[in-house]
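Q: Listed here are the chains, written in short residue letters.
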Amino acid sequence: MTNDARGPQAVAELRGVHKRYGRVEALRGVDLQLHPGELVALLGPNGAGKTTAVGVLLGQRRPDTGSARLFGRDPTRPAARRSVGVTPQEVGFPDNLTVAEVVDLVRVHYPDPAATAALLGRFGLAEVAGRRAGGLSGGQQRRLAVALAFAGQPQAVVMDEPTSGLDVEARRRLWEVVRSFVADGGAVLLTTHYLEEAQALASRVVVIAGGAIIAHGSVEEIVARVGLSRVHLQAPWLPDLPAVTRVEANNGSYTLYTADPDELVRALSLQGVAFTGLQVERASLEEAFVRLTGGAA
Amino acid sequence: MRIALAHGKTQTLQHLRSPGYLLPTLALPGLFYFLFEGQDSEVGLVTHLMASYAMWAILGVAFFQFGVGIAEERTTAWERFLRILPVSAGQRLAGRVLSAAVFAAAAAAVVIVEAHLVNPVSVAADRWLPWTLALLAGGVVVALGGIAMGYWASRRAATALAMLAWLLLAYLGGLWALPAELPSWTEEVSPYLPTRLWGEVTWAAVQGRSTSLGDWLGLLAWAVGFAVLALWGYRRDEGTNYR
Chain V
1 MTNDARGPQA VAELRGVHKR YGRVEALRGV DLQLHPGELV ALLGPNGAGK
51 TTAVGVLLGQ RRPDTGSARL FGRDPTRPAA RRSVGVTPQE VGFPDNLTVA
101 EVVDLVRVHY PDPAATAALL GRFGLAEVAG RRAGGLSGGQ QRRLAVALAF
151 AGQPQAVVMD EPTSGLDVEA RRRLWEVVRS FVADGGAVLL TTHYLEEAQA
201 LASRVVVIAG GAIIAHGSVE EIVARVGLSR VHLQAPWLPD LPAVTRVEAN
251 NGSYTLYTAD PDELVRALSL QGVAFTGLQV ERASLEEAFV RLTGGAA
Chain H
298 MRIALAHGKT QTLQHLRSPG YLLPTLALPG LFYFLFEGQD SEVGLVTHLM
348 ASYAMWAILG VAFFQFGVGI AEERTTAWER FLRILPVSAG QRLAGRVLSA
398 AVFAAAAAAV VIVEAHLVNP VSVAADRWLP WTLALLAGGV VVALGGIAMG
448 YWASRRAATA LAMLAWLLLA YLGGLWALPA ELPSWTEEVS PYLPTRLWGE
498 VTWAAVQGRS TSLGDWLGLL AWAVGFAVLA LWGYRRDEGT NYR
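Quick note, the sequences are listed as chains V and H, same order. Numbering-wise (our numbering), the first sequence opens with residue 1 and increments by one. Numbering-wise (our numbering), the second sequence opens with residue 298 and increments by one.
If you are wondering where the hints come from, they were derived from the structure by calculation, not from laboratory data. Note that the Cβ used here is the ideal one computed from N, Cα and C, for glycine as well. A couple of the hints might just be wrong.
[To be verified] So the derived label-pair ranges between C-beta atoms look like this: (1) V:ARG131 - H:LEU528: 36 to 44 Å; (2) V:GLU248 - H:ARG533: 46 to 54 Å; (3) V:VAL24 - H:SER451: 18 to 26 Å; (4) H:LEU475 - V:ALA115: 54 to 62 Å; (5) H:ALA406 - V:GLY66: 31 to 39 Å; (6) H:SER451 - V:ALA243: 53 to 61 Å; (7) V:GLY165 - H:LEU390: 32 to 40 Å; (8) V:GLY22 - H:GLN504: 51 to 59 Å; (9) V:ARG62 - H:LEU390: 16 to 24 Å; (10) V:ARG131 - H:GLN504: 47 to 55 Å; (11) V:ALA118 - H:LEU302: 22 to 30 Å; (12) H:ALA406 - V:ARG131: 27 to 35 Å; (13) V:GLY252 - H:ARG452: 36 to 44 Å; (14) H:GLN504 - V:ALA126: 38 to 46 Å.
[As the list claims (entries may be wrong)] If you want the ones that stay clear, here's a sample from chain V, every Cβ over 10 Å from chain H, calculated: (15) GLY59; (16) ARG81; (17) ARG82; (18) PRO94; (19) ASP104; (20) TYR110; (21) ASP112; (22) GLY124; (23) VAL219; (24) ALA235; (25) LEU241; (26) ASN250; (27) VAL265.
So here's chain H without its partners, still in its complex pose (with noise of 0.2 Å):
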């Protein structure tokens, strides 16, 4: 435990300073709620959105933190010295994960607060606890696909694709507007994604209503999916560097 916490608190320190990771993570969410969303009056819709971006910032984490943070760092000499430590596998992920819960509970946070500032949102008080479940729910599923992200995608490829993953999921999604805003032919891609998924349990928990069993098999599927990539590309990656 001592060993991972070390990993998580040394990951947390070099996070802290790289601004190319704060800035989506912690700046990007909270500055395009206001942006697009400004102030509004209407309760139900600002705190749907405060629930969306709140969402995409956890999104950012991880896609930012798991996947350019690890396609980074797997092909590195540092790397590869951690590896000679006496540190398991398990240990080193805990430790990724301890610092990227932080990261995600900062920049959930931000979004929530600033809505709270600038925007009439309510969420009842036993909303918020669904609610919290609801978002580490998504987040376990996205940071496997960050995972995955980060042992396919090449060292150069991957911030390109973190970020181009992290905007269309967010769009296609329907974290940045109501879903039914969106334009019609997305309607054939949006409700299997793993954001719209992620959106419809949370949204259903803000707001108190029940939440669908379709959605949260769905969820389940991309989990499955990401965690076999993860492993799978883990592996290759063992297999390229260590065989």
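So here's chain V without its partners, still in its complex pose (with noise of 0.2 Å):
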């Protein structure tokens, strides 16, 4: 299966990527590619290959075959790594160094990097720049590793779900940042467990289940593809209906997820069911991931 939208030049590709661990198959064949301007959500269970995916992209594991591109170049070498900022899903620093410490000697290794002030500030971290960072909370060690994705001025960036652990304003704060880093051109990749995540910020989303990708396209696509709706009514009773997915009663309340919404009212009103409060809704992206993944979300 390809996902490849827009030709051929990706900032960073994977090609038919294979990697096992032992006995377990991690990635069975996966492409990938991202391309300027545009932000990939790959979503998928725990377990399902995303993180073994982001190493092999950023030259942290090598696949047994296939291959991992970054701007063209071997992502193994570190200068294939110069225009890529990462945000890592484990997050931890040192306690014997300050937040700009840290920052500054992550801004070495970039040949056009942010100003440290500037970048701490843009994260909400200038208050705490002389603090030493392994003391810092959760919440500000996770925004410290986002801010530190963008001290080298990158082309791309590739985030392990970076925003679990933050509260709502400083996600907000984040996507802010985000969206108009990709509207400049840049690329993101971004993997995460918070679907309103990848409905707010994503032009494509990758599903990826088991080791392999399973679905792409866009959010609306996604949701499409499985044409997913959900229908609530009341009802004193409920005969059986085709084309339903999945059925949630309370108390004479329904909750009918389906696929051809239509058909089921029109099922609904031929069989004379006294259904009241109808509302058909689309499904959410969530919805449509937990049954692109068989449930296993």
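Taking the hints as your guide, dock the two standalone chains into a single complex.
A: Structure (structure tokens):
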């Protein structure tokens, strides 16, 4: 399966990547492309292979077969990573370095880095610049990890679950930064459990499960592909109905998930169900996601 | 080079803020020299012991900066982050070696300056360069040992292992007393230890005697052994964390 959306000038690319850890096949032929000016959300349940895919893309793991490229180069070579900023999933800083010292160390690796004070200001860390990085709160450490991804003024940013542990306010602020980065032509690969985040930010969504890409497209396409709608109604009873994926019942109040809401409503009328309070909504990405991954999320 | 220097500077800052590192490296060798050797008037003895304690100080830097440092860092999220940065393993090692060289020089200088202040030590003007080179050569050998320790010892075991190896190798290698004063049972092992071999070439350099080829070959053998262990451990660590 390929999800090459726009031609050859990808900033980051996986081609047919297989990766096995002992008996576990973490990746089973993954293709992925990231282009300038787009944000690709990599979605999948825990253990789907998201972090392994990111690791291969960043040269931290070698694929068994297939290839990874960053700006056309082998990502295991440090120079290939010079235009990429990274926020790892697991974050931790030494308690014997200050925030500013950590930022300064990271900046040294890039030819045209952002100014330390401006960078810290952008992520609301200006007032903790002199504090020991290891002593920051979890949310502050997470923000610092995100700030470090932008320290080198990168062309591409890879973020592995960047907003887990952030409060709503901090998450919104991060979204603003990411949006303006993408609007300026930056490329972002984001793995996330917050499907709201993918809906808010992503130009494309890639769904990975069991080490393979099972769906990809725009957020709308992903939802349309599964065509899932949610039908709420109250009724004294329900007959067997066509095209219903799942039924949630609660005291005469029903929520039905269906691929064809028109057909469902017609069937309800034809069978004389005395329903009230009918509401039809498009399913959220989260619900589409649950269906795509067979409920494994 | 700029990147290696930045890593060296960062390492140095981190170690300067770690009392657990500064105590064994900068404080203990000078303190032990004073407590156990005290003030003496025999020029040959106090000069010999000054050279021995300077080696012990450098050994501490090798085992604590490389051994404990690497073992404690290599499983951390911070280390994993640093590996993603556009920096090669060689640049990072260069930074670590630069920082260790600064601390090793400082640790040896503490002992040497103190010895000159409290004792009638005497090193002939033309012996300083050979002595420095001998310290440097042995320093490289024990640094490789420290790196091997760093990649093979677990995070929890590293400090205890480094402390034990540091003390035992000093005692058995004859760095705390004259080798002739060691208990007779140690003669079975002492001549083969890296600290003793290092001591032999260093004492000869300080006193203007010629060094023996056998001692140099012994040191070389340790260097090769430690280097193989270090490289093997490094590869194993990469395989565990980054395969």
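Q: Would you mind marking each hint as holding or not holding in the structure?
A: Results of checking the hints against the structure:
Between V:ARG131 and H:LEU528, the C-beta spacing of about 38 Å keeps the proposed range 36 to 44 Å intact. Under the hint 46 to 54 Å, the C-beta atoms of V:GLU248 and H:ARG533, about 51 Å apart, fit the expected range. For the pair V:VAL24 and H:SER451, the beta carbons lie near 24 Å from each other, so the given range of 18 to 26 Å is met. Distance hint check for H:LEU475 and V:ALA115: the Cβ-Cβ separation is about 59 Å, which falls inside the suggested range of 54 to 62 Å.
Distance hint for H:ALA406 and V:GLY66: a CB-CB separation of about 54 Å, inconsistent with the stated range 31 to 39 Å. Taken as a hint, the range 53 to 61 Å holds for the pair H:SER451 and V:ALA243, whose Cβ atoms sit roughly 57 Å apart. Between V:GLY165 and H:LEU390 the C-beta distance comes to about 33 Å, which sits within the given range of 32 to 40 Å. For the hinted restraint 51 to 59 Å between V:GLY22 and H:GLN504, the CB-CB distance of approximately 58 Å keeps it satisfied.
Checking the proposed 16 to 24 Å range against V:ARG62 and H:LEU390 shows it holds: the Cβ atoms sit about 21 Å from each other. A hinted range of 47 to 55 Å holds for the C-beta pair V:ARG131 and H:GLN504, which are about 52 Å apart. At about 24 Å, the beta-carbon gap between V:ALA118 and H:LEU302 stays in the expected band of 22 to 30 Å. Remark: the range hint 27 to 35 Å for H:ALA406 to V:ARG131 is upheld by a beta-carbon distance near 33 Å.
Taken as a hint, the range 36 to 44 Å is violated for the pair V:GLY252 and H:ARG452, whose Cβ atoms sit roughly 59 Å apart. For the hinted restraint 38 to 46 Å between H:GLN504 and V:ALA126, the CB-CB distance of approximately 60 Å leaves it violated. Consistency note on V:GLY59: stated as away from chain H, yet its beta-carbon is not over 10 Å from all of that chain's, at 8 Å minimum. Remark: the non-interface label on V:ARG81 conflicts with the geometry, its nearest Cβ contact in chain H lying 4 Å away (cut-off 10 Å).
The beta carbon of V:ARG82 sits about 4 Å from the closest Cβ of chain H, which is not more than 10 Å, so the claim that it is off the interface is violated. Listed as a non-interface residue, V:PRO94 fails to keep its Cβ farther than 10 Å from every Cβ of chain H; the least gap is roughly 6 Å. Taking the minimum C-beta to C-beta distance to chain H, about 8 Å, the non-interface status of V:ASP104 is violated against the 10 Å cut. Separation of V:TYR110 from chain H is inadequate, the least Cβ-Cβ distance of about 7 Å not exceeding the 10 Å criterion.
Under the 10 Å C-beta cut-off, the non-interface status given to V:ASP112 relative to chain H holds; the minimum distance is some 13 Å. Non-interface status of V:GLY124 relative to chain H is upheld: no Cβ of that chain comes within 10 Å, the nearest being about 20 Å off. Under the 10 Å C-beta cut-off, the non-interface status given to V:VAL219 relative to chain H holds; the minimum distance is some 28 Å. For V:ALA235, the shortest C-beta to C-beta distance to chain H comes to about 53 Å, beyond the 10 Å cut-off, and the non-interface label holds.
Under the 10 Å C-beta cut-off, the non-interface status given to V:LEU241 relative to chain H holds; the minimum distance is some 50 Å. No beta-carbon of chain H comes within 10 Å of the beta-carbon of V:ASN250; the shortest separation is about 43 Å. Distance check for V:VAL265 against chain H: the nearest CB is about 52 Å away, which clears 10 Å, and the non-interface claim stands.
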